[in-house]
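> Sequence:
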Amino acid sequence: MKNKLLRVYRRLLKTYGTPDRPGLDPVSEMVSTILSQNTNDTNRDRAYERLRARFPAWEDVRDAPLAEVEEAIRPAGLSAQKAPRIQHALRTVTEKAGRLSLDFLRDLPVEEARAWLTSINGIGPKTAAIILLFSLDMPAFPVDTHVHRVTGRLGIIGPRVSAEQAHAILESLAPPDIYLPLHMLLITHGRRTCHARNPDCSACPITDLCDYYAVSGH
DNA sequence: GCCCAGGTGGGTA
DNA sequence: TACCCACATGGG
1229 MKNKLLRVYR
1239 RLLKTYGTPD
1249 RPGLDPVSEM
1259 VSTILSQNTN
1269 DTNRDRAYER
1279 LRARFPAWED
1289 VRDAPLAEVE
1299 EAIRPAGLSA
1309 QKAPRIQHAL
1319 RTVTEKAGRL
1329 SLDFLRDLPV
1339 EEARAWLTSI
1349 NGIGPKTAAI
1359 ILLFSLDMPA
1369 FPVDTHVHRV
1379 TGRLGIIGPR
1389 VSAEQAHAIL
1399 ESLAPPDIYL
1409 PLHMLLITHG
1419 RRTCHARNPD
1429 CSACPITDLC
1439 DYYAVSGH
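Its first residue numbered 1229, the first sequence is counted upward by one per residue in the working numbering.
Honestly, the hints are just simulated from the structure, not real lab data. A few of these clues could be false.
Mimicking EDC-like on lysine to aspartate or glutamate, the simulated pairs with C-alpha atoms at most 16 Å apart in a straight line are [to be verified]: (1) Lys-1232 x Glu-1340; (2) Lys-1232 x Asp-1365; (3) Lys-1324 x Asp-1335; (4) Lys-1324 x Glu-1298; (5) Lys-1324 x Glu-1287; (6) Lys-1232 x Asp-1439.
Taking CB as the label site, the calculated pair distances span [stated by the list, open to error]: (7) Leu-1294 x Gln-1393: 32 to 38 Å; (8) Arg-1327 x Gly-1352: 20 to 26 Å; (9) Arg-1419 x Leu-1234: 18 to 24 Å; (10) Ser-1347 x Gln-1393: 33 to 39 Å; (11) Gly-1386 x Asp-1436: 39 to 45 Å; (12) Asp-1291 x Leu-1234: 46 to 52 Å; (13) Asp-1405 x Lys-1232: 14 to 20 Å.
Predicted model only: the values in this text are computed from it and were never measured. Glycine included, C-beta positions come from ideal geometry on N, C-alpha and C.
Please model the complete structure; the sequences and the hints are all you need to start from.
Here it is in structure tokens:
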């Protein structure tokens, strides 16, 4: 399965090209990722920009009345959950780290850093892995709906494996230096070709590696 | 109108 | 432990 994942990676890289690296500082990444939960990029971006426009710094978001944060992020959806989550996360970081920064996580083993993040209400395995991988260069593999679906169809993870379980499995199968590009490529593939409802298997560059294609014959 | 979007936490068996 | 569900907005 290790070999198969590497073959998938090489093929996706050839098909879609080298993905761009996202570049936010850890605290901004944390807020942005909470906003992105079960939401598309457009709505996430709108909410994030509104938040930045209304509040000069993350300290201001942290200390603002809940209703103002909720109003600012409304376009992202689920704002009644996300606003308290964002403020709670910003406050927890401030209390535990002594200041509003996540840089101290760099000095921890990745599993300790992950456990620290997921202990915060509103930060689950996917959000934690995004923060670790994207903004701290630490070896965590985020599994979102696309990664879960695509690796499941390929047969890299079993049909009964949950998204949460898939984190550890994929981390064991891929070398850490390709976590970031592989993650990005799987999402690109999931969006462009391997859709949730109507996968375009005729345009898929990896049908020869895909269990789903073998069975469904799309 | 319905489905989907880079999930998470709480409830239930 | 393992499912099931609410949560809300906007685009195709």
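> It remains to establish, for every hint, whether it holds in the given structure.
Okay, the hints, checked on the actual structure:
| no. | hint | in the structure |
| --- | --- | --- |
| 1 | Lys-1232 x Glu-1340 | violated (30 Å) |
| 2 | Lys-1232 x Asp-1365 | violated (25 Å) |
| 3 | Lys-1324 x Asp-1335 | holds (15 Å) |
| 4 | Lys-1324 x Glu-1298 | violated (24 Å) |
| 5 | Lys-1324 x Glu-1287 | holds (15 Å) |
| 6 | Lys-1232 x Asp-1439 | holds (12 Å) |
| 7 | Leu-1294 x Gln-1393: 32 to 38 Å | holds (34 Å) |
| 8 | Arg-1327 x Gly-1352: 20 to 26 Å | holds (24 Å) |
| 9 | Arg-1419 x Leu-1234: 18 to 24 Å | holds (22 Å) |
| 10 | Ser-1347 x Gln-1393: 33 to 39 Å | violated (19 Å) |
| 11 | Gly-1386 x Asp-1436: 39 to 45 Å | violated (20 Å) |
| 12 | Asp-1291 x Leu-1234: 46 to 52 Å | holds (47 Å) |
| 13 | Asp-1405 x Lys-1232: 14 to 20 Å | holds (18 Å) |
Hint compliance for this structure: hints 1, 2, 4, 10, 11 are broken, all remaining hints hold.
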